[in-house]
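Now for the letters of each chain:
2 protein chains.
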Amino acid sequence: MSAADQIFAMLKESSQSGAPLYLQLRRSIEEAVNRGLIGPGDALPSERDIASKADISRVTVRKAVQDLVKGGILVQRHGSGTFVAPRMERVEQSLSRLTSFTEDMARRGMNVRSVWLDRGLYAPSPDEMMVLGLSSTELVARVARLRIANDTPLAIERAALSANVLPDPEAIGSSLYAALETTGNRPVRAVQRISATNLGDADARLLEVPPGVAGLQIERISYLASGKVIEFTRSVYRGDAYDFVAELRLTGPGEELRP
Amino acid sequence: MSAADQIFAMLKESSQSGAPLYLQLRRSIEEAVNRGLIGPGDALPSERDIASKADISRVTVRKAVQDLVKGGILVQRHGSGTFVAPRMERVEQSLSRLTSFTEDMARRGMNVRSVWLDRGLYAPSPDEMMVLGLSSTELVARVARLRIANDTPLAIERAALSANVLPDPEAIGSSLYAALETTGNRPVRAVQRISATNLGDADARLLEVPPGVAGLQIERISYLASGKVIEFTRSVYRGDAYDFVAELRLTGPGEELRP
DNA sequence: GGCTATTGGTATTTTATTGGTATTATTCCG
DNA sequence: CGGAATAATACCAATAAAATACCAATAGCC
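Same order as they appear, the protein sequences are chains G and L. First residue of the first sequence: 1, per the working numbering; consecutive thereafter. First residue of the second sequence: 260, per the working numbering; consecutive thereafter.
Treat the hints as calculated values from the structure; they're not laboratory data. Be aware that one or more of the hints could be misleading.
[Claimed, not checked] For each label pair, taking beta carbons as the anchor points, the in silico distance ranges come out as: (1) ARG234(G) to ALA437(L): 56 to 64 Å; (2) ASP118(G) to THR396(L): 54 to 62 Å; (3) ASP314(L) to ARG77(G): 27 to 35 Å; (4) GLU31(G) to TYR381(L): 29 to 37 Å; (5) ASP314(L) to LYS53(G): 26 to 34 Å.
[To be verified] Simulated crosslink set (EDC-like; lysine to aspartate or glutamate; CA at most 20 Å straight-line): (6) LYS228(G) to GLU138(G); (7) LYS329(L) to GLU157(G); (8) LYS329(L) to GLU290(L); (9) LYS487(L) to GLU247(G); (10) LYS228(G) to GLU506(L); (11) LYS70(G) to ASP42(G); (12) LYS329(L) to GLU170(G).
Ideal Cβ positions, reconstructed from N, Cα and C, are used throughout, including at glycine.
Taking the hints into account, I'd like the entire structure generated from these sequences.
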């Protein structure tokens, strides 16, 4: 509602008398977007709302809106509404919450989807045997997916677990952690390591960037309450499109860091 | 019961009239979770309960709940109920602990030293004026150093502060924060942004790596208790030699969900 | 162990709201 | 006068929101 009012106020104050109505309206909307009054993903008032409130015909409103749609500023969905086009910019992900990828993107009005790259049981690599504590006769479950926002690939996630805790990788729904819950294997602690790497050919191709550009690499090892390692995940994020944000607090002078 | 009432109260007070019902409900639940009114592991009222008490259809309730399930906020179990999902949270780390390069390296048994690249007062750049809230007549103190562990250059740190809080950059000893303490300017909060970049020629030469290799870039803005920005630091770490480690812990119910 | 109330899961339909389009009148300017 | 830009009217089509009715799994009680 507020967003709408911003536009209307702007339209009123616009002393561009003489110019065609649809041009005045177009400029008002454009400016509202550029000034951030309505952000990417936000919905505009319906064409009829704008028309009645601004007391002009809907076709005139439509002309203004369509110009902006053609210019890529707005996006329209039949039966749904008109929205400010999501810009990719840089995506910020809070470090404090892990599972919020989908939620985070949805809040920005981005269309999120995942593509499975791999889901299956394999003979473990030496690395996996070490970290997960497997013998060479046991199997490892590998789960890999490409995360995509607005048709732009953002990250590759590769998880490895003991086949004992995830006997059927194909059965995973949208959340790996949810699947672990159902088998009673809950990680209670994890250690994450963030580093930077130059993307290799394969990963670069998946993320649709030239090989060699910088990527954020995150390795995570999750532990059960018993201290046993349950999961080992290596994720690569596009460096040009992703930021990790962490908020820090300084402990007081008297307090110890951790008892 | 209490948890349910919290939600309903929130739903009533929500003056988001006009918005779709399921969105209002979704926001209410989301906020209840974020504010800790219902913690991880707690059960939500049944879909039918919510529906009848809020006087809306169950499908509408379901739509809201399912969105949150997809986002990983809630977990549903057929025949059992809907629960707040346990989530991984980063264990709180103190500012000094996270940023103290020397301490970090010493813990790994490395011999650490620094080389000053720059220490002086300058006219502020537009960026610095913006972030630090300076006028063009004020001066900015810039402090830059190359950090070296075991004779291997690991990072470049460039800090910018108002000249008011650091009138004599040359007088800094080994710790910038110690110098700030003595003038009574103590940051209590900081926001960090971690990203990846390909190192430019100058930085690559300082870090003794070929240009173009991946580097971890960390931007940090520190705040005083008053909320004023006191420091703006941009650091670049060699991606192949430095890791940023964070520990995560799963917050959830003490008891097991599934026996 | 098996029954049963309670829980989430699903399919189908109705309705209101949204953008989409064709047609027509008006104004402005060469 | 004529053509193009502008604006208004009336109607079409797609989507989302919401409700109804029914299915299936779980937990708890006997």
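Do the hints match the structure? See the list:
1. As the Cβ distance of ARG234(G) to ALA437(L) is approximately 38 Å, the hint placing it in 56 to 64 Å is violated.
2. The hinted window of 54 to 62 Å between ASP118(G) and THR396(L) holds, with their beta carbons roughly 60 Å apart.
3. For the hinted restraint 27 to 35 Å between ASP314(L) and ARG77(G), the CB-CB distance of approximately 30 Å keeps it satisfied.
4. Under the hint 29 to 37 Å, the C-beta atoms of GLU31(G) and TYR381(L), about 36 Å apart, fit the expected range.
5. Checked against the given bound of 26 to 34 Å, the beta carbons of ASP314(L) and LYS53(G), roughly 31 Å apart, stay inside it.
6. Under the criterion of a C-alpha separation no larger than 20 Å, the hint pairing LYS228(G) with GLU138(G) is consistent with the structure, at around 16 Å.
7. Distance restraint check for LYS329(L) and GLU157(G): the Cα-Cα separation of roughly 18 Å lies within the 20 Å cut-off, and the hinted pair is therefore satisfied.
8. A C-alpha spacing of about 16 Å is found between LYS329(L) and GLU290(L), which places the hinted pair at or below 20 Å, so the restraint holds.
9. Between LYS487(L) and GLU247(G) the CA atoms are separated by roughly 16 Å; this keeps the pair inside 20 Å, and the hint holds.
10. With a C-alpha separation of about 16 Å, the suggested pair LYS228(G) and GLU506(L) falls inside the 20 Å cut-off, and the hint holds.
11. Proximity of LYS70(G) to ASP42(G) is assessed by CA-CA distance (about 18 Å); at most 20 Å being required, the pair is judged to hold.
12. For the hint pairing LYS329(L) with GLU170(G), the CA-to-CA distance comes to about 18 Å; that is within 20 Å, so the pair holds.
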